[in-house]
Amino acid sequence: MSKVIKILGTGCPKCKQMTALVEEVVNENNIDAQVVKVEDIMDIMTYNVLTTPVLVIDENITVKGRVPGKQEILELIK
Amino acid sequence: MFDWIVRMADWIVYDVLHLRQGKHLTEALHFFIYDTVKILLLLFVIVFLMGIVNSYFPIDKVRNYLSRKKLYGLEYLMASLFGVVTPFCSCSSVPLFIGFVKGGIPLGVTFAFLVTSPLVNEVAVGLFLGLFGWKTTLIYVLSGILLGTISGMILQRLRLERYLTPWVKQVLTNAQREQDAFVAGKQTFKQRLPIIWQETRNILKGVVPYVIVGIAIGGLMHGYIPEGFFERYMSKSNIFAVPVATLLAVPMYSNASGILPVVQVLVAKGIPLGTAIAFMMGVVGLSLPEAMLLKKVMTFKLIGIFFGVVTLCIIISGYIFNVIF
Numbered sequence: 049m050s051k052v053i054k055i056l057g058t059g060c061p062k063c064k065q066m067t068a069l070v071e072e073v074v075n076e077n078n079i080d081a082q083v084v085k086v087e088d089i090m091d092i093m094t095y096n097v098l099t100t101p102v103l104v105i106d107e108n109i110t111v112k113g114r115v116p117g118k119q120e121i122l123e124l125i126k
Numbered sequence: 056m057f058d059w060i061v062r063m064a065d066w067i068v069y070d071v072l073h074l075r076q077g078k079h080l081t082e083a084l085h086f087f088i089y090d091t092v093k094i095l096l097l098l099f100v101i102v103f104l105m106g107i108v109n110s111y112f113p114i115d116k117v118r119n120y121l122s123r124k125k126l127y128g129l130e131y132l133m134a135s136l137f138g139v140v141t142p143f144c145s146c147s148s149v150p151l152f153i154g155f156v157k158g159g160i161p162l163g164v165t166f167a168f169l170v171t172s173p174l175v176n177e178v179a180v181g182l183f184l185g186l187f188g189w190k191t192t193l194i195y196v197l198s199g200i201l202l203g204t205i206s207g208m209i210l211q212r213l214r215l216e217r218y219l220t221p222w223v224k225q226v227l228t229n230a231q232r233e234q235d236a237f238v239a240g241k242q243t244f245k246q247r248l249p250i251i252w253q254e255t256r257n258i259l260k261g262v263v264p265y266v267i268v269g270i271a272i273g274g275l276m277h278g279y280i281p282e283g284f285f286e287r288y289m290s291k292s293n294i295f296a297v298p299v300a301t302l303l304a305v306p307m308y309s310n311a312s313g314i315l316p317v318v319q320v321l322v323a324k325g326i327p328l329g330t331a332i333a334f335m336m337g338v339v340g341l342s343l344p345e346a347m348l349l350k351k352v353m354t355f356k357l358i359g360i361f362f363g364v365v366t367l368c369i370i371i372s373g374y375i376f377n378v379i380f
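Keeping their order, the protein sequence lines are chains A and B.
For reference, each letter of the first sequence is one residue, going 49 to 126 in the numbering used here.
For reference, each letter of the second sequence is one residue, going 56 to 380 in the numbering used here.
Rather than coming from a laboratory, the hints here were simulated on the basis of the structure.
As the structure is a prediction and not an experimental result, all values here were calculated from the model.
Keep in mind that the hints are not guaranteed to be accurate.
[As the list claims (entries may be wrong)] No more than 35 Å apart at the CA atoms, straight line, and that leaves these computed lysine-lysine pairs for DSBU-like:
| id | chain 1 | residue 1 | chain 2 | residue 2 |
| --- | --- | --- | --- | --- |
| 1 | B | K224 | A | K62 |
| 2 | B | K93 | A | K118 |
| 3 | A | K112 | A | K126 |
| 4 | B | K124 | B | K245 |
| 5 | A | K85 | A | K112 |
| 6 | B | K157 | A | K126 |
| 7 | B | K93 | A | K64 |
| 8 | B | K260 | B | K78 |
| 9 | A | K62 | B | K78 |
| 10 | B | K351 | A | K64 |
Go ahead and model the full structure; you've got the sequences and the hints to work with.
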């Protein structure tokens, strides 16, 4: 089953950076995943987070408030 | 403590480049090398230390603490203190704001945090230490905490809930003391270190270019502007200096790290410290991009009141500093 990777962020530079990195990791490793950007603040708040960007994998919050490295993203998605 | 950097700068300027002592260009270059090495070193140390603190005391813990503990009036001070150790990215200000009010934290306390957190951040503290020494840094940090506390108290008094955007009001009515205790990930320091290290690198990567450009400009000014040059225009007796400096500072933001080295030279050349600190607080603490983001949760009127109160407090503290020093 394909994974759903969500990136929560209101469109700040860090959020864009995280999205780009996640997409790179997914493409480079041929991972069967759907990358979704959640930009609406009301949707973001349903996750009860205080800092952005947030990386959500299959509805599990993994990283929040910082941009992880590619290696870390890969390990989280796998 | 920094003698070795002076000797290193001496060596590069006089021995390697064979420049003659006493010339403007030579002095400017010497200043540039010394300042760059010293400031980057201190910046690195502070950012790294704050990274460690933050790893053990993340924002979720702050929220839970403020939301659950009864603090009998001290909550403004506590929120302000937490603001010091919590790094702040203006892009997080909206979720942070909502998260706080949702947790039942009063608006004024939330504001106290929102004022101090960007004002006393790791980059500003690191730069202050490198540029002005520990005494001025301490004054800056303490006044930043006080400023957040007092602004928060004033803003709470004004009963501003009615100026929130409708959907935030809705969130407020459903607000409750969050019961879920923050489950701290049990990680060893060794496990945390790579993440702290990476964050330190990310932060430094973002500010170092600005800092270096700022020091270069400062270095040039240092060598070419005569001592006491600004005293004529910006003396303590000029009552407009503080408000003008503060108002000029509010629109400046992304280049705050580049502005500080320049301001340091201005102080050395005769601008009163209080005026300079007011200016820097305006640069670091209030930013228009942040105001634009806050529009999602606050009406223009509320943003105006928020910025107005903080600006006023900054101006007052600028005057106070000028009287003390």
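Do the hints match the structure? See the list:
| no. | hint | in the structure |
| --- | --- | --- |
| 1 | B:K224 <-> A:K62 | holds, 28 Å |
| 2 | B:K93 <-> A:K118 | holds, 32 Å |
| 3 | A:K112 <-> A:K126 | holds, 18 Å |
| 4 | B:K124 <-> B:K245 | holds, 32 Å |
| 5 | A:K85 <-> A:K112 | holds, 14 Å |
| 6 | B:K157 <-> A:K126 | holds, 34 Å |
| 7 | B:K93 <-> A:K64 | holds, 33 Å |
| 8 | B:K260 <-> B:K78 | holds, 33 Å |
| 9 | A:K62 <-> B:K78 | violated, 44 Å |
| 10 | B:K351 <-> A:K64 | holds, 20 Å |
Hint 9 alone, counting from the list given before, is not met by this structure.
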